[in-house]
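Visitor: Chains as they are written, first to last, in my numbering: chain A, 1 to 193; chain B, 1 to 193.
Among the hints, erroneous ones may be present.
[To be verified] Footprint (simulated), chain A over chain B, 3 or more residues, beta carbon under 8 Å:
#	stretch
1	29–43
2	84–93
3	130–138
4	141–153
[Claimed, not checked] What the simulated footprint calls covered on chain A by chain B, stretch by stretch (three residues with Cβ under 8 Å from a Cβ of chain B suffice, anywhere in the stretch; the number is not a length):
#	stretch
5	2–13
6	30–39
7	51–65
8	83–89
Everything labelled a hint here was simulated from the structure, so no lab data went into it. We put the CB at the ideal spot given by N, CA and C, even for glycine.
2 protein chains.
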Amino acid sequence: MIITPIVTYFSKYWPLDETAIEILNSRIVEKKLKRKALILKEGQECDHFTFVVKGCLKMYKIGKKGNQHNLQFATENNWIADYGSFYNHEPSDLYIETLEPSHILQIRKNDVFHLYDNSSLFDRNIRIVIENTFIEQQKRVLQTISSTAEERYLYFLKKYPNLSNRISNVQIASYIGVTSEFLSIIRKRITSI
Amino acid sequence: MIITPIVTYFSKYWPLDETAIEILNSRIVEKKLKRKALILKEGQECDHFTFVVKGCLKMYKIGKKGNQHNLQFATENNWIADYGSFYNHEPSDLYIETLEPSHILQIRKNDVFHLYDNSSLFDRNIRIVIENTFIEQQKRVLQTISSTAEERYLYFLKKYPNLSNRISNVQIASYIGVTSEFLSIIRKRITSI
DNA sequence: CGCGACGTTGATTTGCCTCAACGATTGTGG
DNA sequence: CCACAATCGTTGAGGCAAATCAACGTCGCG
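Generate coordinates for the entire structure from the input sequences, incorporating the hints supplied.
Guide: What follows is the structure, encoded as structure tokens:
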């Protein structure tokens, strides 16, 4: 029995039993990707869950004027997917792309449903993953509608201190919802205090 | 066996069996509320799921300057709750309040968990409710970060045509994230074309 | 080594907010 | 059921946060 990082991850919530682990392992697809690799494109259906073992990915939308809007980052031990496209079997509006050379594990859509049917433990764990993502996103919505750009930046630094050292300010700006020029002004304002 | 509106609602997804219906019915709390009734306040833990039979509710946050930011509306056959507060057992940042005299059904937190444990059908249905709410919210985030106020307003009208006749423009403005004065300008701009 | 991404600065513009005021509607308490 | 109060929708003047466009030195990667 091989203990993959996903098994370890789930053991925090509802540890899988041996049968579930066997089924899971037989369905995992492992990938090593270089920088700037796309694993989801606008127009494609998101047909897999992705778990990050090592590296960093971003999920973003491209607006009308061609500008990128980052929705989510995923580093070690994070899940990333467009759940809307996944569950509704619709083409996605989003892109998922590596920001660093990355090592990922994927479970394809058919296999996810197969696992749901064959292991209620798996079912519960995935539900928790989605619930947590949802709760994170709700916090983000609340913050976006009730804070200034500067507050959002400071919150980002506090919440993801390790991330802010790894990714460029361009990526951070795109996540907190300002241009990189304006983030530069914010940063100056902060350090000059 | 009493067929409550919730049972009918679930029958769209994974119809409950008789046992599940009995358990569910025994745990439902029915309430009739007048206008402006609060069912959740900031600082309280959200300890129930609420299903709207008749009427209209809003969930909102109050910002630093005292202004309301609407996060979600719920009308007939919609669910509303602060899932973050509910699952993490944390005090909520949010308020839930009726916009009209309303008829609601509630399931208290302990009973939700009891139902999870006693009926996998219930478990699956609630998971779908949360997934759908999540997917809606993701669309909202995407739209907020990549559209102008006018586009957001037009999208709101298209998506919730019946709602926009029922609630005031003040509430709509608060939902799409502008002041009611500015919404007024947007509306003028649109009709003058 | 060279080229493209990065971070920064400045000038200008714009989308949206703030505050103030007004009549029209709606809701409610007596 | 009516009268008063509150909320609503709108308009205008003025202000600010953030975008846009342009330019430039620096750095890391291929």
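Visitor: How does the stretch 29–43 of chain B fare against chain A when you require at least three residues with a CB closer than 8 Å, holds or violated?
Guide: Violated: only 0 residues of the stretch 29–43 of chain B have a Cβ under 8 Å from chain A.
Visitor: Examine the stretch 130–138 of chain B: at least three residues should have C-beta closer than 8 Å to a C-beta of chain A.
Guide: holds (count 7)
Visitor: Quick check: do three or more residues in the stretch 83–89 of chain A have a beta carbon closer than 8 Å to a beta carbon of chain B?
Guide: holds (count 4)
Visitor: Counting residues of the stretch 51–65 of chain A with a beta carbon closer than 8 Å to any beta carbon of chain B, are there 3 or more?
Guide: holds (count 3)
Visitor: Okay, the stretch 141–153 of chain B and chain A, do three or more residues pass the C-beta test at under 8 Å?
Guide: Satisfied; 5 residues make the cut.
Visitor: Can the stretch 30–39 of chain A be counted as covered by chain B under the rule of three residues or more with Cβ-Cβ separation shorter than 8 Å?
Guide: violated (count 0)
Visitor: Three residues or more, CB to CB closer than 8 Å: is that satisfied between the stretch 2–13 of chain A and chain B?
Guide: Our answer is that it is violated, as 0 residues pass the Cβ test (under 8 Å) against chain B, missing three.
Visitor: Please count how many residues of the stretch 84–93 of chain B have a CB within 8 Å of a CB from chain A and say whether that reaches 3.
Guide: Holds, because 4 residues of the stretch 84–93 of chain B bring their Cβ atoms closer than 8 Å to Cβ atoms of chain A.
Of the hints listed earlier, those the structure fails to meet are numbers 1, 5 and 6, in rising order.
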